[in-house]
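Here is how the chains run, residue by residue.
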Amino acid sequence: MTAVIETEGLGKRYRRLWALSDCTLSIPAGHVVGLVGPNGAGKTTLLNLAVGLLAPTTGTIEVLAGPPRARPAQLARIGFLAQDAPLYAGLTVAEHLKLGARLNPGWDAEYARRRIDWLGLDPGQKAGTLSGGQRAQVALTLAIGKRPELLILDEPVASLDPLARREFLEDLMEAIAEREFSVVLSSHLIADLERVCDYLIVLVDSRVRLAGPVDELLATHHLLTGPRRDPATLPAGQRVISASHTDRQTTLLVRTSEAVLDPAWTVSEVGLEDMVLAYMREAAGGGRRRAPGYHLEVQQ
Amino acid sequence: MIWLTWRQFRPQAVTAIAALAAFAILLGATGPHLASMYAASRVAGCQGNCDHLARNFLAAVRGIYPVVFTLGLAVIILAPAVIGVFWGAPLITREFETGTFRTAWTQTITRARWLATKLILPGLAAIAVTEGLSLMYGWWAAPIGQAARVTGGVNFPLGMGPFGLPAFDTHGVVPIGYAAFGFALGVTAGVLIRRTVPAMAVTLAIFAAVQLAMPLAIRPRLFPPVHATQSLAANFSGIQNQGPGGHFAFTLDYLDGAPGAWILSSGAVNAAGQPVSVMPTDCVHVAQTTGDPTQCLASHGISIAVTYQPTSRYWPMQWTETGIYLALALALAGFCLWRLGGRRLS
Numbered sequence: 001m002t003a004v005i006e007t008e009g010l011g012k013r014y015r016r017l018w019a020l021s022d023c024t025l026s027i028p029a030g031h032v033v034g035l036v037g038p039n040g041a042g043k044t045t046l047l048n049l050a051v052g053l054l055a056p057t058t059g060t061i062e063v064l065a066g067p068p069r070a071r072p073a074q075l076a077r078i079g080f081l082a083q084d085a086p087l088y089a090g091l092t093v094a095e096h097l098k099l100g101a102r103l104n105p106g107w108d109a110e111y112a113r114r115r116i117d118w119l120g121l122d123p124g125q126k127a128g129t130l131s132g133g134q135r136a137q138v139a140l141t142l143a144i145g146k147r148p149e150l151l152i153l154d155e156p157v158a159s160l161d162p163l164a165r166r167e168f169l170e171d172l173m174e175a176i177a178e179r180e181f182s183v184v185l186s187s188h189l190i191a192d193l194e195r196v197c198d199y200l201i202v203l204v205d206s207r208v209r210l211a212g213p214v215d216e217l218l219a220t221h222h223l224l225t226g227p228r229r230d231p232a233t234l235p236a237g238q239r240v241i242s243a244s245h246t247d248r249q250t251t252l253l254v255r256t257s258e259a260v261l262d263p264a265w266t267v268s269e270v271g272l273e274d275m276v277l278a279y280m281r282e283a284a285g286g287g288r289r290r291a292p293g294y295h296l297e298v299q300q
Numbered sequence: 001m002i003w004l005t006w007r008q009f010r011p012q013a014v015t016a017i018a019a020l021a022a023f024a025i026l027l028g029a030t031g032p033h034l035a036s037m038y039a040a041s042r043v044a045g046c047q048g049n050c051d052h053l054a055r056n057f058l059a060a061v062r063g064i065y066p067v068v069f070t071l072g073l074a075v076i077i078l079a080p081a082v083i084g085v086f087w088g089a090p091l092i093t094r095e096f097e098t099g100t101f102r103t104a105w106t107q108t109i110t111r112a113r114w115l116a117t118k119l120i121l122p123g124l125a126a127i128a129v130t131e132g133l134s135l136m137y138g139w140w141a142a143p144i145g146q147a148a149r150v151t152g153g154v155n156f157p158l159g160m161g162p163f164g165l166p167a168f169d170t171h172g173v174v175p176i177g178y179a180a181f182g183f184a185l186g187v188t189a190g191v192l193i194r195r196t197v198p199a200m201a202v203t204l205a206i207f208a209a210v211q212l213a214m215p216l217a218i219r220p221r222l223f224p225p226v227h228a229t230q231s232l233a234a235n236f237s238g239i240q241n242q243g244p245g246g247h248f249a250f251t252l253d254y255l256d257g258a259p260g261a262w263i264l265s266s267g268a269v270n271a272a273g274q275p276v277s278v279m280p281t282d283c284v285h286v287a288q289t290t291g292d293p294t295q296c297l298a299s300h301g302i303s304i305a306v307t308y309q310p311t312s313r314y315w316p317m318q319w320t321e322t323g324i325y326l327a328l329a330l331a332l333a334g335f336c337l338w339r340l341g342g343r344r345l346s
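Top line first, the protein sequences correspond to chains A and B.
All letters in the first sequence, in the order written, are residues 1 to 300 by our numbering.
All letters in the second sequence, in the order written, are residues 1 to 346 by our numbering.
Hint data in this document are derived by calculation from the structure and do not stem from the laboratory.
Some clues are possibly wrong.
[To be verified] Partial list, derived from the structure: chain A residues whose beta carbon lies under 10 Å from chain B:
#, residue
1, Asp22
2, Leu25
3, Asn48
4, Pro72
Backbone N, C-alpha and C define an ideal beta-carbon position, used for all residues, glycine too.
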């Protein structure tokens with residue numbers, strides 16, 4: 001499996017504050033990769049490093065097997081949608097497409113025009129008067145129109161209302177299906193990622209806490225409910241990610257590639273969101289920050 | 001990239017063209033009449049005692065003409081500062097403040113080319129606008145300048161000769177240098193500060209400081225000054241100040257035989273060439289009785305030592321100063337390219 005983004009001990013410091021430190025990860029090609037993590041995990045910094053908007057303070061980063069910045073040949077291969085979809089407020093939608101055509105040799109004018117048309121956007125409208133959802137759509141068109149091999153989206157739906165968010169992600173999926181490129185998408189909204197991603201990376205404090213194909217992650221994580229017991233007595237091969245107890249009951253999130261045979265447990269599937277949250281909590285210092293008697297909500 | 005730069009620059013370009021047009025209309029509406037007044041005054045082509053004709057002409061220049069004259073000087077002096085503040089400073093800060101640099105820098109174009117294009121197009125426009133204003137004004141004000149030079153500086157500041165502060169700074173090729181420098185300074189402040197309003201303020205402050213330092217401290221030293229001694233003739237046209245105890249000083253603003261020369265310093269010296277500031281006692285007496293000790297001082301061998309820049313140096317100084325400003329502008333542009341292409345970024 002080749003990697004679209006590969007980092008080794010990657011770090012970025014702003015004056016005295018490290019936004020990302022000692023981050024080592026590999027993002028595989030051919031997937032729609034969701035990069036999740038709490039605010040401040042370093043997602044935006046990582047993606048800005050990947051597109052060459054930032055230069056690393058320490059470590060290395062390779063994108064599509066090359067250094068991210070400098071040469072136009074490398075820039076042409078990566079499509080980027082920055083956070084909040086920055087567009088030129090005084091330029092119209094059509095002028096943004098023209099910008100794309102002028103600045104990208106590989107520009108797919110036909111596709112871009114078709115997409116704007118299909119989105120029902122008025123080409124003559126100034127970008128400054130577009131809604132957040134429309135702006136994100138134009139920015140996405142700009143990013144896809146250059147025919148990248150890798151599309152990087154930084155919190156593309158964070159500022160959108162739920163309806164616009166869903167529409168954007170549906171359109172994104174259609175675009176991905178229509179054209180073949182790898183996608184890396186960051187978000188702190190896990191429910192959104194669940195809809196589009198087939199590969200997940202959980203980043204907390206610059207560290208990869210969980211990475212893998214979504215199917216595989218869902219298949220190997222189970223929620224066990226049963227009489228109260230000490231998680232330490234579980235068989236080897238069952239890794240406890242989170243545990244919560246009431247007086248009589250224990251609920252565990254375990255990761256195991258084997259079937260859970262103990263009849264004392266009621267085994268249920270775990271949703272992606274709960275799984276990711278459990279990993280984030282684990283990274284944040286186990287269950288210590290939780291109120292006593294906390295129950296993990298289970299989505300069946 | 002040229003298209004995008006042009007598209008982003010379009011509102012400023014429209015403003016600039018409107019300003020040029022307004023200036024042209026103002027000068028075009030008043031210039032021909034001023035020129036005909038000058039032709040009628042027969043100052044041009046006058047032989048002998050022209051002073052009288054020139055004074056008559058300048059006295060007739062009234063009403064709107066002195067207003068346009070001063071306004072034009074102000075516009076040309078302020079244009080490079082305005083360009084630096086309103087074109088230069090926001091050029092990059094706007095991209096940072098709206099985040100659009102992220103969009104621009106992830107297209108298939110290097111930052112160096114992006115910035116270079118953004119510098120060249122508005123930079124050339126800045127030069128064209130400022131020099132355009134200067135050339136139009138040069139045509140309009142020429143009669144006043146010529147007449148004022150004949151009179152040796154009556155009524156109008158251009159009479160101080162081509163080196164005078166408003167004259168030198170608003171004519172010739174120096175506006176090219178000022179415009180390029182003002183614009184590049186604004187861009188540099190923007191690149192370093194990244195916020196529009198503080199970048200504008202810093203641009204204005206530095207530009208004003210440089211524009212004051214140049215005529216006061218640097219321009220006089222661009223070429224080594226010429227030294228000369230002028231005798232205290234009866235028709236001495238200098239300004240004399242007399243103080244108590246026989247203290248006196250001469251200031252010369254017009255040098256015989258070198259009309260239009262830029263007098264840098266002048267002062268009384270004795271026959272040995274040493275500066276004197278106290279009159280001989282008999283001259284003090286003459287001064288008290290007649291009020292004019294000039295001839296008495298001359299009889300004591302006192303004359304005036306002058307250092308000056310001759311008019312023949314006008315164009316060498318224009319080109320040198322323009323070259324200095326253009327070199328500064330290029331250095332600033334190079335710094336911006338290095339800085340933005342460099343490592344740090346927020």
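Hints, verified against the model:
Hint status for aspartate 22/A relative to chain B: violated, with the closest Cβ pair at about 19 Å, above 10 Å. Nearest Cβ of chain B to the Cβ of leucine 25/A: about 21 Å, over the 10 Å cut. The hint is violated. Interface hint status for asparagine 48/A: upheld, as the beta-carbon distance to the closest one in chain B is roughly 8 Å, under 10 Å. Given hint, proline 72/A at the interface with chain B, holds; its Cβ is 5 Å from that chain's nearest Cβ, closer than 10 Å.
Consistency note: the structure conflicts with the earlier hints numbered 1, 2.
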